Amino acid sequence: MSQNQNRNEQIGTWRLKVGLAEMLKGGVIMDVVTPEHARIAEKAGAVAVMALERVPADIRAHGGVARMSDPEIIKRIQDAVTIPVMAKCRIGHFVEAEILQALEVDYIDESEVLTPADPENHVWKHDFTVPFVCGARNLGEALRRCAEGAAMIRTKGEAGTGDVIEAVRHMRTIMSEIRRVASAREDELVAIAKELNAPLDLVQEVHEKGRLPVPNFSAGGIATPADAALMMKLGAEAVFVGSGIFKSGDPERRAEAIVEAVAHYNDPAVLARVSAGLGEPMVGINVSSLPPEEQLAVRGW
Amino acid sequence: MPETVGVLSLQGDFERHLVALDRIGVPGREVRTVADLDECSRLIIPGGESTTLGILLRRCGLDQAIPERARAGMPIWGTCMGLILLAKEVEGSDQWTLGLLDVTVRRNAFGRQVYSFETDLTIRGLERPFHAVFIRAPIVTRLGVGVEPIAEHEGKVVAVRSGKMLGTAFHPELTEDSRVHELFLNL
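Just so you know, the protein sequences line up as chains Y and V, in that order. This note's numbering numbers the first residue of the first sequence as -1 and each following residue consecutively. This note's numbering numbers the first residue of the second sequence as 6 and each following residue consecutively.
Derived from the structure by calculation, the hints contain no laboratory data. A hint or two may mislead.
Covered, in the sense of this in silico footprint (three residues per stretch, anywhere, with C-beta under 8 Å from a C-beta of chain V), are these stretches of chain Y [claimed, not checked]:
1) 10 to 19
2) 22 to 29
3) 99 to 111
Facing chain V, according to a computed beta carbon distance under 10 Å, are these residues of chain Y, among others [to be verified]:
4) A44
5) P82
6) T127
7) E254
8) V257
9) V260
10) N264
Just so we're clear, the structure is a prediction, and the values are computed from it rather than from any experiment. In this text, a Cβ means the ideal position worked out from N, Cα and C, and glycines have one as well.
Build out the structure end to end from the sequences listed, making use of the hints.
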């Protein structure tokens, strides 16, 4: 956080960082690799786009080391749309994060989808003006990321598979751990914090509020309107869709349908209408067939 | 009709408005359908993405129902995205809006998220300054007949009132200060 003395303004505050996440609630954040994709996403009702060189499915197929996108690609996407533009840096790669901040992206995703740059540490996100989102598989991981300054958490799921099972697993785990913390006695929280490997003050905050300290979104394997609505019903407050849109047969219609499904996730009649006639979904990979070394969700500490 | 404040809940920070209403003891309810709107005496359009909400409103009939209720005198307040959706015109864009407030707005007028800011603001009708949170905020660049500017930041209009309509470029729902919510309830 800093102060612009001349204008009596504070920038980069925690409230501004979490505030932007609040504005994205009930929305769909879409992965895009070209300005054309970005315009399609915006027209379909995306609340934000994630500017990438490759969608996760192609990162998987391509193999090798996956890094921050070329700034040229990010700038072209920023010029194409008026909605917020996010971009990914590698876990722990704070210089990539500094570059993304210099590019004025609206949110940085410190993401397991890219190859981690640090085997132990994540970026110390409090030092930045731009807010960060981080992935998590369980409550302990989510609270460690909050401690480092993440202003939004998303379930990791298993990106680039089109298989929703891991997103479901991670959301159910986080929500049931939150319920457990909320219903625990106050004198049990130290032991729970030890077990979760999470800072005590944040465990106490979860105990008090019955929710994460920051908005809780979902990502990783969402391919259909029904998948998106399922994640909302399980407790997600918004949804990231990566490969699921632009790897499908009719990205425009699928994007619109997922946007409507997230807004009306409690209305099966709307879900039935928007799910009809969308063409081929992304082919997908069954997560249980993935060898352990190809699973992205285990990246992050 | 007993006072029930609807908060448009298709997308955005509607939950924060509901919390703010709860804090001052006013019944609030989520509005996702025309039937929900029928239960409300006032409407708040929260912060969020105006392009997204414009699409969602047109798909569920609220694009017709909200103007009908506005013409019948229902008070409406838009915060940030809500102000954009109430505006008659968006600078440099043919973006769809409800067009209920005769102003022109400029979206993202202060720049991207790294330029989002908090500041103390003087608002006409409030005695003490109000701590205002601006997130990728718009400004009002043209005031139509009968539209009264009620707050400026660096000479830019950031809050307006016109009859039963209130528009703020900032987010009173993100602070603990309920005075702008009370201002709306007195319209």
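Each hint, compared with the structure:
1. 10 to 19: With 6 residues close enough to chain V, the hint holds.
2. 22 to 29: holds (count 4)
3. 99 to 111: holds (count 5)
4. A44: Cβ of A44 of chain Y sits 7 Å from chain V, so the hint holds.
5. P82: Given a least distance of 7 Å, the restraint on P82 of chain Y holds.
6. T127: holds (5 Å)
7. E254: holds (8 Å)
8. V257: holds (7 Å)
9. V260: Holds - the Cβ of V260 of chain Y comes within 10 Å of chain V, reaching about 8 Å at its closest.
10. N264: holds (8 Å)
In summary, the structure agrees with every hint in the numbered list given earlier.
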